[in-house]
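For the record, the sequence lines run as chains V and S.
Going by the UniProt record's numbering, 108 is the number at position 108 of the first sequence; the sequence numbering is gapless.
Going by the UniProt record's numbering, 77 is the number at position 77 of the second sequence; the sequence numbering is gapless.
I should point out that these hints are in silico values taken from the structure, not numbers from a laboratory.
There could be a bad hint or two in this list.
Only pairs whose alpha carbons sit at most 27 Å apart, straight line, appear in this in silico DSS-like list of lysine-lysine [stated by the list, open to error]: (1) V/K287 <-> S/K32; (2) S/K32 <-> V/K389; (3) V/K287 <-> S/K138; (4) V/K289 <-> S/K6.
Here are a few chain S residues that sit away from chain V, every Cβ distance over 10 Å (derived from the structure) [as the list claims (entries may be wrong)]: (5) K6; (6) K10; (7) D16; (8) S34; (9) K38; (10) I41; (11) L56; (12) T58; (13) R79; (14) I108; (15) E116; (16) L174.
Note that beta-carbon positions come from the ideal geometry of N, C-alpha and C, so glycine has one too.
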Amino acid sequence: MNKFRPFISGTKSDDVPDCYNRVRYIRDACKILSDVYKTDKDFLNKSFDNEISKSFKDFRSSEVGKNYRSPYGSNGAPSILNRTIDELVQIHDFIDSKRKESLEQIKKIIEQAKDKQSNIRQTMTEVKENYEKAQRRLETADTNLKKFQTRSDRYQLANYDERSTELEDIRNECEQTRTLTRDIYVTEIYKIASEEHFITQNLFSQYLFEQNHFYNEICKHLSSRIPIIEQRLEDDDLTPSFHLDLIKHCSKRCDTIIAYPIEISIRLLENSLREEGLFRIAPAHNKQKKFVSELDLQLIERSSTLNELGYDPHVPANTLKQYLRGLPNCLLTSTLFEQWNQIPQLNNEQLRLERISQLLKQLPKIHYENLNYLVRFLTRVAEYSSENKMNAANLGICIGCSILYPKDQSSNTYTSGSMILELMINYY
Amino acid sequence: MASRKKVLLKVIILGDSGVGKTSLMNQFVNRKFSNQYKATIGADFLTKELQIDDRLVTMQIWDTAGQERFQSLGVAFYRGADCCVLVMDVTSPTSFKSLESWKDEFLIQAGPRDPENFPFVVIGNKIDLENRMIQARKAQAWCQEKNNIPYFETSAKEGVNVEKAFETVARNALAREKEIDQQADFPMPIRIPQQEEQPKKDGCSC
């Protein structure tokens, strides 16, 4: 007993053998599969990945594309975007070639499906027609026999018995033929139905295996390329420093671990220690914006001077504050935020100083060194407080909130940062 | 509005660091000036009672730290302000240019009703200094352009014009309060039609 029920349960009649619907289902499924990639030629010529890599190749050979090279790379080395676009083109070319390979395989499967479908259709039509023809003949012979045997004048006929036997023979012959063709019909149908497993395996599952193979290969390839792309982004020493993590930024600097904006701003202020209200007075807004963008592009040399750049001292001073405020993790670090914040609650200066030096030891090296660099400079500013009026207290108030703030920057805690910075300047 | 309840006006002083916000407040409230150069930390307020015509008003004056231009003081601080005083230093062109962004910052943070007509007062401070860079005419023109903001030139050090400037602050804040009182302070009440009022439809008695 076949344990598989027909897929589509139609009303079974004598004329429709078991499995008939099942065979029809197999046949139509093969047709659908062979239709899926009917337009495979089009598909191969116009694959999505091909289009993408083509438009980027065109872009690369355009005037803009050809002329742009990183201004800092040695000898006009390609910029990060340049190199990433190269990567993008290569990857899409790879996918495109793999897709072509895979489509070749799929095409083979599709052809098999097409053959299978037309075979089934042909066989089915043939055997069914044969069977139906035999059936009709039998019916005619049967009718003829019955008619003859019930003729009203049958008793007058001389050779009645002979003719009756003859008709009976014809009928029996037809019945045999019908049985034979019916057997063939059923056999063929069963044969096709029994192929279901192999058709599923060789065509449909194989199709999915091909797809799987294709995507696996793409996945493998992408997985091998992505880390390179990520690493390149990570290593890019032209990443704008504002709002970038201090440790990330400083680890990329070659001969120092002081952040570029801190180093440049402080170097520029070297001769401005007498400026009244340094770090307090705001500079012209647009000047500061310009200076920030210059720092982000690392356009300013260590040897530059304020005069050459056309800035007053308040520009670098305030930009330095802006840079510190923009760090995702503040100079005194968000990890230690709560501990720093408890310092004002300590009873006397001695306890506070002790706590500060304990916490300083817990700072990451880069944070510590940058803080040290900053405070060393602020100490010098404070030395000139009779002229610039910026004593440690004022500097603490003006800069404290830029070196200690919570991660979300929502609440304002001025006092701790100010007090801590004032103490650090006084006892540097 | 005949109510003679005590009025509290919240006034916020904004402006670049070092223009003299704290000095102005101290001169107005305590009639004192200190030569000490001291940056303000965070924000704090002083109050002063003032007689405006027949009304006694309490001004709650919030002094702010100038560096807060970049680190916003937060919405809560600005909310409910009745008047905003924008201060610049007539010897510092930068502080004059910053007025615009201080004004914007205030309007964004405070989000007052009818921002077009919110009372601002602009003060040009430090007129006692010799190296003036911003002429009164220039400041005046800017104020006129901004919907006629009153402009005062003061010296917190010598106490020149400070009283007058803050009196205008109080008057304008009061005037706005009256206006807002008269305007529907609450949305129009929604009338719920009573059953009897519903027009009866012809031919249906159910």
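For each hint, the structure was consulted:
At most 27 Å may separate the alpha-carbon atoms for a hinted pair to count; V/K287 and S/K32 exceed this at roughly 36 Å. For the suggested pair S/K32 and V/K389, the alpha carbons sit about 20 Å apart, so the restraint of at most 27 Å is met. Between the alpha carbons of V/K287 and S/K138 the distance comes to roughly 22 Å, so the proposed pair stays at or under 27 Å and holds. Between V/K289 and S/K6, the direct Cα distance comes to roughly 46 Å. Violation of the 27 Å bound is thereby established for this hinted pair.
Look at S/K6: its CB is around 30 Å from the nearest CB on chain V, clear of 10 Å, so calling it non-interface holds up. For S/K10, the non-interface assignment is confirmed: its Cβ lies about 18 Å from the closest Cβ of chain V, beyond the 10 Å cut-off. Consistency note on S/D16: stated as away from chain V, yet its beta-carbon is not over 10 Å from all of that chain's, at 4 Å minimum. No beta-carbon of chain V comes within 10 Å of the beta-carbon of S/S34; the shortest separation is about 13 Å.
A Cβ of chain V approaches the Cβ of S/K38 within 10 Å, the least distance being about 7 Å, so the stated non-interface status is violated. At roughly 5 Å from the closest C-beta of chain V, the C-beta of S/I41 falls inside 10 Å, breaking its exclusion from the interface. For S/L56, the shortest C-beta to C-beta distance to chain V comes to about 33 Å, beyond the 10 Å cut-off, and the non-interface label holds. In this structure S/T58 is separated from chain V by more than 10 Å, as the shortest Cβ-Cβ distance comes to about 26 Å.
Against chain V, the non-interface label of S/R79 holds: every CB pair exceeds 10 Å, the least being about 15 Å. Look at S/I108: its CB is around 16 Å from the nearest CB on chain V, clear of 10 Å, so calling it non-interface holds up. Once the 10 Å rule is applied to beta carbons, S/E116 is consistent with being away from chain V; the minimum gap is 24 Å. The beta carbon of S/L174 is kept farther than 10 Å from every beta carbon of chain V, the shortest such distance being approximately 30 Å.
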